[in-house]
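> As they're listed, the protein sequences go chains A and B. Per my numbering, residue 1 is the first one in the first sequence, and the count goes up by one each step. Per my numbering, residue 1 is the first one in the second sequence, and the count goes up by one each step.
Worth double-checking, as some hints may not be accurate.
Calculated cross-link-like contacts (lysine to aspartate or glutamate; reagent style EDC-like; alpha-carbon spacing at most 16 Å) [unchecked claim]:
1. A:K204 to B:E81
2. B:K42 to B:E71
3. B:K91 to A:D266
4. B:K91 to A:D23
5. B:K22 to A:D191
6. B:K129 to B:D100
7. B:K22 to A:D20
8. B:K173 to B:E71
9. B:K22 to A:E24
10. B:K56 to A:D20
11. A:K207 to B:E81
Per the computed footprint, the stretches of chain A lying under chain B, defined by three or more beta-carbons under 8 Å from a beta-carbon of chain B, are [said to hold, decoys possible]:
12. 33-39
13. 50-64
A few chain B residues facing chain A, derived, Cβ under 8 Å [to be verified]:
14. S50
15. G57
16. R58
17. K72
18. E77
19. T93
20. L159
Read the hints as simulated data drawn from the structure, not as lab findings. Where a beta carbon is used, it is the ideal one built from N, C-alpha and C, also for glycine.
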Amino acid sequence: MNKIICFLLVLPLFVWGQDDLLDEIDTVAVSGAYEIAAFKGLKLINLETTKMVSHRQFFFVVSHRFGSVKTGIEDFFGLDQAVTRLNFIYGISDGINVGISRSSFQKTYETSLKLRLARQAPSGFPVTIVWFNSLQLNGFLDEQELPELKLEHRLGYASQLLVSRKVSRDVSIELVPTFFHDNLVPLEEQDNSQFALGFGGRYKFSKRCAITVDYGLHLNRAENSPFVNPLSVGLDIETGGHVFQLHFTNAQPMNINNFLGEATGDWGKGDVYFGFNILRVF
Amino acid sequence: MNKFIILVYFILVTGQQLVAQKYIARQGRIALFSYTPVENIKAENNQVLSIIDLSKGRIAVSMLMHAFIFEKALMREHFNESYVESDIYPKATFEGEIIDFEPLLAGEQTRIIKGNFTMHGVSQELEIKAKINYVDDGYQLSGNFEAIVDDYHIKIPPLLAGNIAKVISVDFKFEYEPYQE
Chain A
1 MNKIICFLLV LPLFVWGQDD LLDEIDTVAV SGAYEIAAFK GLKLINLETT KMVSHRQFFF
61 VVSHRFGSVK TGIEDFFGLD QAVTRLNFIY GISDGINVGI SRSSFQKTYE TSLKLRLARQ
121 APSGFPVTIV WFNSLQLNGF LDEQELPELK LEHRLGYASQ LLVSRKVSRD VSIELVPTFF
181 HDNLVPLEEQ DNSQFALGFG GRYKFSKRCA ITVDYGLHLN RAENSPFVNP LSVGLDIETG
241 GHVFQLHFTN AQPMNINNFL GEATGDWGKG DVYFGFNILR VF
Chain B
1 MNKFIILVYF ILVTGQQLVA QKYIARQGRI ALFSYTPVEN IKAENNQVLS IIDLSKGRIA
61 VSMLMHAFIF EKALMREHFN ESYVESDIYP KATFEGEIID FEPLLAGEQT RIIKGNFTMH
121 GVSQELEIKA KINYVDDGYQ LSGNFEAIVD DYHIKIPPLL AGNIAKVISV DFKFEYEPYQ
181 E
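Excised from the complex, chain A in its bound form:
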């Protein structure tokens, strides 16, 4: 009994001598920050991602979709039929972005507003939620051919919730419930108000490269519609100030209402389009 008391009394003397200074300041919780870089680009391929342009930063995105590769060497696998989109995005704050773009597909002008509602954190909220809204104007419709045409007929709207989760270092997934409305639709049977569910993801196979895929499931397409759901696969290459995204897709247009509503390619027949998005940060 005495020995035990003796031992207990002596114990602190030894404990004191063995402490580790580093352990004493090793008390701060590591996980307090948000998950970063679920996606490299502002777009997965066609779908918008939850990535935001930071406060006072300016992104310039050049996108191309060449013509169908099906035409072969005659059009040099689509090079002669390219659609181009130039897109400028500015970060008013880390959670509020505005954008303006022009696409050569139907001479489309678009403005966008992107708002981040929630962020994924390692020991907090499980997903990042961003609300994306766009207004687009079709500049291609001709008043000579359509005498009744008013400005409103040129307009289309889209609103989507982007819900993403960085599952691991390499894998991120995204779900995109979308509502869009065209004041003028190409097909009489087609509802002007349309719903779609987009989904996709990325797999990073090296530090700077990732494979991406996205798909848009249209939920109320007219039965006789010639248009199809867009499926795209791509490769992301990040080089610091630039992100290069190369892909194949069956949708040539790049604005939400157009690629969800008016994609025409067919993967089964090799009728797909090669394209790229290049992001430049200023």
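Following the hints, complete the assembly by docking chain B onto the known chain A.
For chain B alone, coordinates are given in the frame of chain A:
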């Protein structure tokens, strides 16, 4: 006899605590600089923890990598994701000894600090020259050293070799106050 033993015991235990005085810095500042002809990159962390054990002249430093703030948010993202990989190695630490430290010397003294710096999961033994200033029951410690990026197994891709320096300059500044456990 028993009382005597108890007395000796308390003198030993409490006496040790008096000698083993510790000082802590909770908002230490560490700044990183990368100078290249293409661009200069600067990052700063104002939340660095450090502790000094006066009795042994030992010092420890711990910092969170994601607390480094860059001029551009994208740089911070790349720093954490592609270079220091802060999701795997969230902290960098230093543990070492201040050689010939004289805690009671008034004013400034310049000393060598020798110890191990661990970053990106790699430890390197460093000898760092630092100025220590004893003022108003506290210590100020400052200095700088250079870290070779390659020593810590951090890879700079050839494409960006012109933008990021191979040797990063590190400035540090700590203000210590007595630490009550």
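> Check the structure against each numbered hint from earlier and tell me which ones fail, lowest number first.
3, 5, 8, 15
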